[in-house]
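With the sequences and hints as input, model every part of the structure.
Which chain is which? The protein sequence lines are A and B, in order.
All the letters of the first sequence, read from the start, carry residue numbers 1 to 353 under my numbering.
All the letters of the second sequence, read from the start, carry residue numbers 1 to 394 under my numbering.
Derived from the structure by calculation, the hints contain no laboratory data.
Just so you know, not all the hints are guaranteed correct.
List time: in silico DSS-like cross-link candidates among lysine-lysine, alpha-carbon distance up to 27 Å [stated by the list, open to error]:
{"no.": "1", "chain 1": "B", "residue 1": "Lys336", "chain 2": "A", "residue 2": "Lys53"}
{"no.": "2", "chain 1": "A", "residue 1": "Lys48", "chain 2": "B", "residue 2": "Lys336"}
{"no.": "3", "chain 1": "B", "residue 1": "Lys336", "chain 2": "B", "residue 2": "Lys289"}
{"no.": "4", "chain 1": "B", "residue 1": "Lys165", "chain 2": "B", "residue 2": "Lys145"}
Computed far set for chain A versus chain B, every beta-carbon distance over 12 Å [as the list claims (entries may be wrong)]:
{"no.": "5", "residue": "Ser11"}
{"no.": "6", "residue": "Leu25"}
{"no.": "7", "residue": "Asp161"}
{"no.": "8", "residue": "Thr163"}
{"no.": "9", "residue": "Met171"}
{"no.": "10", "residue": "Phe172"}
{"no.": "11", "residue": "Gly181"}
{"no.": "12", "residue": "Tyr186"}
{"no.": "13", "residue": "Ile227"}
{"no.": "14", "residue": "Gly246"}
{"no.": "15", "residue": "Leu247"}
{"no.": "16", "residue": "Leu249"}
{"no.": "17", "residue": "Arg253"}
{"no.": "18", "residue": "Thr291"}
{"no.": "19", "residue": "Leu333"}
{"no.": "20", "residue": "Ile343"}
Built from N, CA and C at the ideal position, the CB exists for glycine as well.
Below, each chain spelled out in residue letters.
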Amino acid sequence: MSEVGRIVSASKWRNRILFSSILILLMIAFVADVAIGSVNIPFAELTKILFGKTSGHESWNTIVFDFRLPRAITAVLAGAALAVSGLQMQSLFRNPIAGPYLLGVSSGASLGVALLILATGSLTFFKDFIGNEGWGMIIAAITGSSLVLLLMLFISTRVNDITTILIIGMMFGSVVSAIVGILEYYSDNDSLKAFTIWSFGSLSGVVWKQLHVLIPSLIIGFVVAFIMIKPLNLLLLGENYAKSTGLNLMRTRILLIISTGILAGGITAFCGPIGFIGTAVPHINRIIFKTTDHRLLVPASLISGALLVLICDIVAQLPKDQVSLPINAITALIGAPIVIWIILSRRGAKSFF
Amino acid sequence: MNLSSKHDMSLRHVMFVILATVLIFCCKEKSNREQSVAEKKEPFDSLTQVQIKYANGFSVRYGDGFKEVEVYQPFEGSDDTLRYFLIPRESSAVPKGGWTLIETPIRFMVCLSTTHVALASFLDAENLIVGISGTQFIYDEKVRKLIAENKIAEIGNEESLDQEKILSLHPDIIMAYHTGIEGYDQYERLEESGLNVVINADFMETTPLGLCEWVKFLAVFTDQEKIANERFAVVEHEYNAMAKLASIPLKKPTVFTGVDWNGTWSVPGGRSFAANYLKDAGADYVWKKNPETGKLLLDFEQVYAEAADADFWINPGSISSWHELMEWDPRCGNFKAAQNRNLFSNDVRVNENGGFDYFESGVTHPQILLKDLIHIFHPELLPDNELVYYRQLP
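Pasting the structure below:
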């Protein structure tokens with residue numbers, strides 16, 4: 001075996017070990033997230049409940065199955081979806097700080113739902129129309145976030161500076177909250193109530209009924225993301241190079257926007273905006289795995305994003321006997337320093353793009 | 001924590017006694033000097049005096065030609081005492097340092113809370129009100145008529161009071177409340193413009209009769225002690241009779257309240273106002289053993305762990321039906337009380353703008369509220385009763 005070949009296979013083994021350890025950590029974190037909560041359930045009882053035996057405390061069964069399991073599953077989904085959508089956006093925009101939260105994609109999802117609930121009177125209209133309120137919300141959120149992605153893509157073809165794009169994304173967020181504020185002002189009590197319930201979205205607010213809508217939608221997003229792995233790698237080499245290999249740029253962009261819109265919009269529709277995960281996780285992975293290859297980055301971002309949000313949720317649950325902390329605050333505490341670091345060491349980040 | 005606050009209280013009482021003694025001597029001297037002035041008016045000590053039995057938040061002391069009103073602990077965590085020195089109109093007296101001088105009977109009053117309006121209604125003193133914050137939330141027919149006739153002005157909401165409007169009304173007092181939130185209370189700005197702000201701490205009371213007894217607080221300012229004593233005695237008698245009735249049944253149904261709001265479920269502490277109502281109504285409140293007088297902030301699973309099997313669910317936020325509750329959070333359907341549709345809310349008397357009469361006339365009608373609760377928990381005790389403030393949610 002040649003010297004180069006030995007280094008390549010050594011790094012391959014290194015990455016395999018890293019990948020498996022993250023996977024194992026993910027499983028441990030999942031169990032820990034289910035185990036930790038404001039009500040103290042002994043671990044022995046917990047395993048009993050998880051393996052289908054009923055515990056002596058009937059309320060514990062409900063707590064595990066209706067409260068903690070949906071929350072942990074949502075945390076996994078949110079982390080995976082946000083990280084993958086952030087990775088796609090960074091390669092699509094060729095911008096290291098791109099992410100659904102920072103570029104206003106989450107705001108677009110909020111606007112979509114606000115228009116649905118507040119401008120159509122109330123949820124009942126769409127409930128009759130689509131048959132299930134969850135579908136109405138997720139379609140509105142995905143449409144909203146995809147439109148913002150299109151807009152940002154259009155802007156990024158004209159402006160090349162990453163901080164300018166970031167500022168435009170934040171401005172867009174402000175405009176959206178202003179529009180939502182105006183809509184709230186003019187809407188009746190019932191729809192306002194419905195919108196307030198929605199805007200409270202958090203990991204712990206997601207119930208099985210909503211997961212039935214969320215999971216199939218996200219699967220579509222993930223499948224497209226895996227199909228787009230090769231085009232993403234080509235995009236990294238530059239648009240001209242990508243074109244020269246016969247890549248259909250337009251089709252690639254549209255598919256990426258659809259996938260990102262589904263992943264980021266779907267999560268925002270049910271959990272509300274969760275910041276910084278989408279921007280931070282792909283970077284952490286590039287550093288850990290020392291690669292820009294999407295064949296590794298897409299699955300790695302998926303599982304490490306899930307792991308990071310699970311850890312954030314565990315931290316949020318730590319103040320025992322008290323109300324858990326808002327998940328968005330924890331993700332911001334962990335994610336914002338990473339974003340600051342990226343901006344400060346822009347030369348280092350540029351080496352990836 | 002409760003122990004230490006009790007300790008504080010007793011210490012505060014001792015301090016108060018010492019302070020009061022000192023003050024009495026000071027005042028005696030002063031009032032001797034002012035006697036000639038005071039004699040022109042009807043001296044206060046010939047009026048019926050109010051006696052405070054249930055309220056812990058204020059005290060009244062009658063002197064020769066003056067009344068001293070003190071308000072203790074105007075908000076949670078405060079150890080302030082606010083002092084008001086009341087003299088008959090057109091008599092003259094110089095108040096001691098730290099005392100706000102107010103001439104009685106007051107003629108014009110501005111109210112910053114609907115509970116203050118309720119106190120005035122109880123004393124038939126609605127016509128003293130010249131301004132209210134949040135007129136659209138008023139439920140009382142008589143007061144609404146006065147608002148419609150422009151005899152009572154809107155003075156803005158609590159975050160942004162219309163100060164110029166208030167000044168133009170020339171109120172003798174502004175009845176306000178102190179939230180203790182920095183930058184939120186605007187009464188200091190009003191005081192600076194020379195207005196008399198009287199802080200009402202009725203919301204700090206932990207018993208229904210204690211809250212209602214604040215009618216005597218207003219009565220001291222309106223010189224309506226007699227009427228306040230008489231009317232309060234009726235309420236007190238009926239309330240205590242009801243509570244006695246509810247103490248008979250051996251089986252006390254378990255009860256919990258509130259609803260999850262953005263991941264937080266606020267429940268009343270075991271010694272809170274709401275908990276005392278439930279206790280007096282013969283119910284077994286799920287958190288009755290908790291020592292807090294304020295509220296507890298829990299999350300959904302904590303509430304579920306304790307209240308899953310409770311018999312009754314009272315006041316689930318702004319939820320108005322079982323169906324709405326299921327839409328709010330389908331997990332609410334796991335509670336036994338929800339499955340049995342034992343859901344009750346105090347939203348019967350609500351005006352078109354969402355003003356709850358429960359927080360208005362409910363303050364001065366604790367006997368009716370208690371009757372409602374007993375009707376819910378022990379229907380056999382009150383066979384012919386009809387609910388007034390509460391209803392079973394459809």
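Do the hints match the structure? See the list:
| no. | hint | result |
| --- | --- | --- |
| 1 | B/Lys336 x A/Lys53 | holds (22 Å) |
| 2 | A/Lys48 x B/Lys336 | holds (24 Å) |
| 3 | B/Lys336 x B/Lys289 | holds (21 Å) |
| 4 | B/Lys165 x B/Lys145 | holds (20 Å) |
| 5 | Ser11 | holds (43 Å) |
| 6 | Leu25 | holds (25 Å) |
| 7 | Asp161 | holds (38 Å) |
| 8 | Thr163 | holds (33 Å) |
| 9 | Met171 | holds (27 Å) |
| 10 | Phe172 | holds (25 Å) |
| 11 | Gly181 | holds (16 Å) |
| 12 | Tyr186 | holds (17 Å) |
| 13 | Ile227 | holds (35 Å) |
| 14 | Gly246 | holds (50 Å) |
| 15 | Leu247 | holds (45 Å) |
| 16 | Leu249 | holds (43 Å) |
| 17 | Arg253 | holds (37 Å) |
| 18 | Thr291 | holds (38 Å) |
| 19 | Leu333 | holds (18 Å) |
| 20 | Ile343 | holds (32 Å) |
The structure agrees with every numbered hint stated previously.
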